[in-house]
Amino acid sequence: MIIVLFLEKETPEPTLNALKEKVQNSGLVKDFQYTDAALAREKFLNSFPELRGVLDNLETNPFPPSIEATLEKQAMNTDTVASFIADLKNSDGVEDVQFNLEWVEKIQSFGRLARAIGFFLGGILSLASFFIISNVIKLNVMARQNEIVILRSVGATNTYIRIPFLLEGMILGMLGSGLSLLLLFLLIQLFPVYLGQALGALNELINFRYLSLGQCMWLTCGGAAIGALGSFSSLSQFLKT
Amino acid sequence: MIELYHIWKQYQKPNWALNDITFKAQKGDFYFVTGPSGSGKTTLLNIISRGILPTQGQIIIDGKNIQRIPDHKIYQIRRIMGIVFQDFRLLFHKKVFNNVALVLEVLGTPKKEIKRRVYNALKMVNLQDKMYSYPAHLSYGEQQRVAIARAVVNNPKIILADEPTGNLDPELAFEIMSLFNEINKQGSTVIICTHDRELIRHFGNKILFLYKGKLLREEFF
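Protein chains in written order, with our numbering: chain A, 1 to 241; chain B, 1 to 221.
Do not take every clue at face value.
[Said to hold, decoys possible] Think about it this way: if two alpha-carbon atoms lie no more than 25 Å apart in a straight line, the pair counts; the simulated SDA-like pairs of lysine to any residue are: (1) Lys94(B) - Val106(B); (2) Lys95(B) - Glu168(A); (3) Lys64(B) - Glu168(A).
[Unchecked claim] Beyond 10 Å from chain B on every Cβ pair, some chain A residues (computed): (4) Gly27; (5) Ala128; (6) Leu151; (7) Ala156; (8) Gly176; (9) Leu187.
Derived by calculation from the structure, the hints in this document are not laboratory data.
From the three backbone atoms N, C-alpha and C, an ideal C-beta is built for every residue, glycine too.
Okay, chain B solo, but in the shape it has when bound (with noise of 0.2 Å):
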């Protein structure tokens, strides 16, 4: 599902973000990639996501090399994937059911369809009674739980998390490392990017110690 080969990428001489990072991980892996501040977490998600090119290397998702892919044609990686930033990301302007439902709007659901699942991907966070508020009404860990819905409610084949749990509380980062679970559980490959060792202890089963760049070790329990 995810092929990463020889992957480099510097930003500025002389340093490497992301130094010979090789993995690969199938459908319905669920990853954690670990590391301190700096290590690259966020670049190798970027990568992934084709949100930047690495300088060298190449990335194979779902059987095709994403570097060869247009900029014009980004869409269709993007379609598969579903991605959860570290500050969310919502539209602040717009009500929850429209923020979720942008993800089908832009596939040309049609409008019924639309209503029913954004409504279950908001049962699924428990959201289903904040539909029509505006993200700036939320919590901070509503929000988070927002930016969830928005990524799975496509059913993508990959989800990306970039620190979905960084700033929550404890007993909230739990719940919704427990929402990524039940959403692998479905068949998505789930690539999960935190620092939280609680966390990888308790859900981990596959993981990338990231260190300044290169891939330390690559566990599975």
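The following block holds chain A by itself, in its conformation from the complex (with noise of 0.2 Å):
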């Protein structure tokens, strides 16, 4: 995202450099370029040629001096740039500054919206991951349920015969997680593809970036409970007797 700073015509030098350092020294920007008014003027009419008659009608050149910030995207948070944003609107030689706060907060907004559904999602897909499991350990155990009472006859303790069914029901669950991270894997290398320019800007706000390690190994891990959770479940109900 760029904000731009238009500056007062005659803004003296001191000033100028006052406000490149403020600029630069915000820790939020990430690179910046200054335009001054012939420049500005160049470019115009290197975007329209058409109009070069209308300019030189005019006596005075009509474009201010300006500066270009490139944001961090790390600094997208809108209260940090608003008060960044307010900072540079009472610096000395700033006429204006140009940044759509209203839409980046709506896009933002809009991406913890996205957050929130999908966490919902993730609950309700953990659910069913959960069910589904233990239906699947609970038809395994029915397959055995004559084993597992003749276990209980000779002595078997509920731990030496539940100890099977809960490593089945964890490799179940962490082949259901790692098999979902490598479907994420491919969505995230194949959707920006798939909309290639389509995004446009939001390209600059949506980060598609893949999971790190850590999440990653908390998602198996987190796999391997809910197999384990499902089994124990699906088995109590067969232990009694």
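Join the two chains, each given in its own frame, into one complex according to the hints.
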């Protein structure tokens, strides 16, 4: 995202330098570019050569000098940006600051909503995984009910009987998480390619990055835990007598 | 060793599967439980093994009130018992050796010891040559003997057998009952449910007669 600072026409050199310093040292700006009035006119003419006549008829150059600052992606917190813009607006030599904060806020709240929906769907999918795994294990337990009865009758502890089923549940859970992570990886790789330039400026805001190794491990462990819980709950009713 | 006090069991009203059963079996006793079908023999054995709980009454096994043992600790009582089921309950995807070894594996017995004891148990029932066969390849009588080997391999204090000679020819039934007699002589308390009068006449010295869930009489010879 870019902030454009339109400066007063006759901004003295020290004020301009102070402004540049302020922008550079803000910690929010990745890089910036100063465009003086003459360069702004030239840029305009390059973009709209057919309007040269109009400009030539003007006695003075209407374009103000400006500073274009590109914000760091991490600095997209609207509150920080808003206070930075307010600070710039009050600075000497600044006539106006152009930045669509409202739009950024909307995009960010859309992001928050998407995240909340993600968590909600994640919760539902976790529950679904729990029930699917517990039913798979239940079917397996029923198929091996005779073996469980025999093991119980010869003095096997519940833990001894449970361990193979728990391992099975954990492996199923881990495989499920692994497969989901693989699908997510493919989606993240393919989605931007599929959308191409359609995202336009949104590309700046939407960060298509894969999960970190730690997050992947947490998800895999979570899958294993859901699997273990699923098999634990489905086994309990078969270990009563 | 086994004490039952006023045991009542009702599966559904108004019939009583067991009706005020009280008896005591001492260490080394050999009991036959007999009676017609539906008299409560299997229910009685299931209650002693804590497969089911009685509706009323108390059961003391080896000094412990087994009704007070929670579900997850039933294994404690099962480890002093060897149970022979009417339908054998063998694992058909495991070899004879593994079926018998199961009892020792759950106790965490070392492999070498398992091998020795399983061999001895199978030798006792004369099946040492079929150690690596699958139960499906054995005759009915041989499967029955595998079930007996499994019940005795851990030298249990109590052996419970439900119709262990049902569907066997008299000769084989006699042979299997002799086996139980042998095991009993080694100190185990044996309780066998059967309605085979010939076997009871030959082997029985303590007999419980059940009829419609009631203990009609207890005979000692």
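Here's how the hints hold up against the structure:
1. Lys94(B) - Val106(B): holds, 15 Å
2. Lys95(B) - Glu168(A): holds, 24 Å
3. Lys64(B) - Glu168(A): Cα-Cα ~36 Å, so violated.
4. Gly27: holds, 60 Å
5. Ala128: It holds; alanine 128(A) is separated from chain B by about 30 Å at its closest Cβ, greater than 10 Å.
6. Leu151: violated, 7 Å
7. Ala156: violated, 4 Å
8. Gly176: Check passes; 28 Å lies beyond 10 Å.
9. Leu187: holds, 42 Å
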